[in-house]
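Input sequences plus hints: build the corresponding full structure.
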Amino acid sequence: MKFAIQVNEGPYNHEASVSALNFVRAAVEAGHEIFRVFFYHDGVNNGTRYTTPPQDDINLVNAWSELAEKHSMDLVVCVAAAQRRGIVDEGEQERNGKDGNNIAAGFRISGLGQLIEAGIQSDRLVVFGD
Amino acid sequence: MSTLHTVNKSPFDRNSLETCLRLAGKGHSVLLLEDGVYGAMKSSTASGMVEKAMSDVTVYVLGPDMKARGVDESKIIDGIKVVDYKGFVDLTVNNDKVNAWL
Amino acid sequence: MSDIKKFMYVNRKPPYGTIYAWESLEVVLIGAAFEQDVTLAFVDDGVYQLAKGQDTSELGIKNFSPTYSALGDYDVNKIYVEKESLEARGLTIDDLMDLKYEDEDDDWAEKDSIHVVPAAELAEILENQDVVFSF
Numbered sequence: 001m002k003f004a005i006q007v008n009e010g011p012y013n014h015e016a017s018v019s020a021l022n023f024v025r026a027a028v029e030a031g032h033e034i035f036r037v038f039f040y041h042d043g044v045n046n047g048t049r050y051t052t053p054p055q056d057d058i059n060l061v062n063a064w065s066e067l068a069e070k071h072s073m074d075l076v077v078c079v080a081a082a083q084r085r086g087i088v089d090e091g092e093q094e095r096n097g098k099d100g101n102n103i104a105a106g107f108r109i110s111g112l113g114q115l116i117e118a119g120i121q122s123d124r125l126v127v128f129g130d
Numbered sequence: 001m002s003t004l005h006t007v008n009k010s011p012f013d014r015n016s017l018e019t020c021l022r023l024a025g026k027g028h029s030v031l032l033l034e035d036g037v038y039g040a041m042k043s044s045t046a047s048g049m050v051e052k053a054m055s056d057v058t059v060y061v062l063g064p065d066m067k068a069r070g071v072d073e074s075k076i077i078d079g080i081k082v083v084d085y086k087g088f089v090d091l092t093v094n095n096d097k098v099n100a101w102l
Numbered sequence: 001m002s003d004i005k006k007f008m009y010v011n012r013k014p015p016y017g018t019i020y021a022w023e024s025l026e027v028v029l030i031g032a033a034f035e036q037d038v039t040l041a042f043v044d045d046g047v048y049q050l051a052k053g054q055d056t057s058e059l060g061i062k063n064f065s066p067t068y069s070a071l072g073d074y075d076v077n078k079i080y081v082e083k084e085s086l087e088a089r090g091l092t093i094d095d096l097m098d099l100k101y102e103d104e105d106d107d108w109a110e111k112d113s114i115h116v117v118p119a120a121e122l123a124e125i126l127e128n129q130d131v132v133f134s135f
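Protein sequences, first through last, are from chains A, B and C.
Its first residue numbered 1, the first sequence is counted upward by one per residue in our numbering.
Its first residue numbered 1, the second sequence is counted upward by one per residue in our numbering.
Its first residue numbered 1, the third sequence is counted upward by one per residue in our numbering.
Source of the hints: derived by calculation from the structure; they are not laboratory data.
None of these values were measured; they are calculated from a predicted model.
It cannot be assumed that every hint is accurate.
Below, computed lysine-lysine pairings styled on DSSO-like, alpha-carbon distance capped at 27 Å [said to hold, decoys possible]: (1) B:Lys42 - A:Lys2; (2) A:Lys70 - B:Lys26; (3) C:Lys78 - B:Lys26; (4) C:Lys5 - B:Lys26; (5) B:Lys26 - C:Lys13; (6) C:Lys100 - C:Lys62; (7) C:Lys5 - A:Lys2.
In structure tokens, the structure reads:
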């Protein structure tokens with residue numbers, strides 16, 4: 001089966017990101033395809049490379065980046081939600097005149113159309129949020 | 001068509017479990033995860049609502065979230081099935097769609 | 001090949017206290033361009049999103065409630081409000097915005113987009129959807 005995953009909350013504040021990560025890992029292990037993971041609302045905060053969580057706890061951003069690399073997984077951060085919350089890639093930095101960018105490896109910033117497309121193209125949409 | 005409903009909040013915090021059970025169809029499945037696992041516990045003021053719904057829907061609870069919270073299997077309502085993440089994935093495959101009550 | 005799916009957007013949170021109401025509306029608007037079969041459901045505190053007379057001027061934040069009136073122009077005209085949720089809050093349909101659309105299959109006659117339905121009927125509507133978005 002092809003899965004679309006929607007993550008509505010950021011790392012650590014809510015369990016949503018952890019639940020989504022664990023679900024995605026289990027789905028991949030069972031042989032399913034993850035069409036896209038779409039980060040919306042505060043979920044965009046999973047896409048910053050500037051987190052420094054304590055050493056004895058999960059590094060959620062890195063966990064997502066590693067998953068993306070290992071399985072060529074499409075992790076999309078919603079551009080509108082990202083602009084509101086300050087998640088920036090090089091393109092957004094230039095477009096909006098910012099003095100830096102913070103997007104984490106494996107994530108890309110794109111429009112809400114990516115979520116809709118995922119809903120259309122996938123067999124199942126699973127949403128994790130508050 | 002059968003739906004997998006997910007509930008991730010405690011029935012003492014939000015009304016998502018109550019609303020889910022009101023709008024779930026006969027034969028549907030309900031998975032309690034994250035803080036929603038507290039809705040699986042017996043002898044609470046929410047237990048009656050869940051037990052009543054179980055004549056129409058099948059209720060599951062996510063084991064890893066129970067364990068994290070120190071909720072022992074002996075403390076949950078009889079008939080609620082404990083699943084792991086593999087079971088969660090299977091539930092999404094075996095139902096036609098997922099409806100997350102956030 | 002027809003890819004048309006039945007998309008359901010479930011709204012259960014009130015406006016302004018959190019961003020979910022507004023950001024979910026943004027998904028609906030963008031989604032309209034993809035020409036799927038769209039239905040919106042307002043349940044629990046979500047019914048407050050449709051309350052008329054919203055005025056955010058003293059908060060200094062954007063009043064996005066006029067956007068609901070544009071839904072008809074985006075071919076989003078199946079809007080269901082749960083009767084039990086309205087009644088629990090002491091509200092009637094008269095407390096809600098008057099959302100309309102023009103039915104192209106009926107000589108562009110102006111019709112109501114909002115339907116107040118009991119839980120049992122909403123449960124059936126939910127059952128018939130293909131994809132459910134939650135916020």
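Against the structure, the hints come out as follows:
| no. | hint | verdict |
| --- | --- | --- |
| 1 | B:Lys42 - A:Lys2 | violated, 36 Å |
| 2 | A:Lys70 - B:Lys26 | violated, 40 Å |
| 3 | C:Lys78 - B:Lys26 | holds, 24 Å |
| 4 | C:Lys5 - B:Lys26 | holds, 23 Å |
| 5 | B:Lys26 - C:Lys13 | holds, 26 Å |
| 6 | C:Lys100 - C:Lys62 | holds, 23 Å |
| 7 | C:Lys5 - A:Lys2 | holds, 15 Å |
The structure fails to meet hints 1, 2 from the earlier list, while all remaining hints are met.
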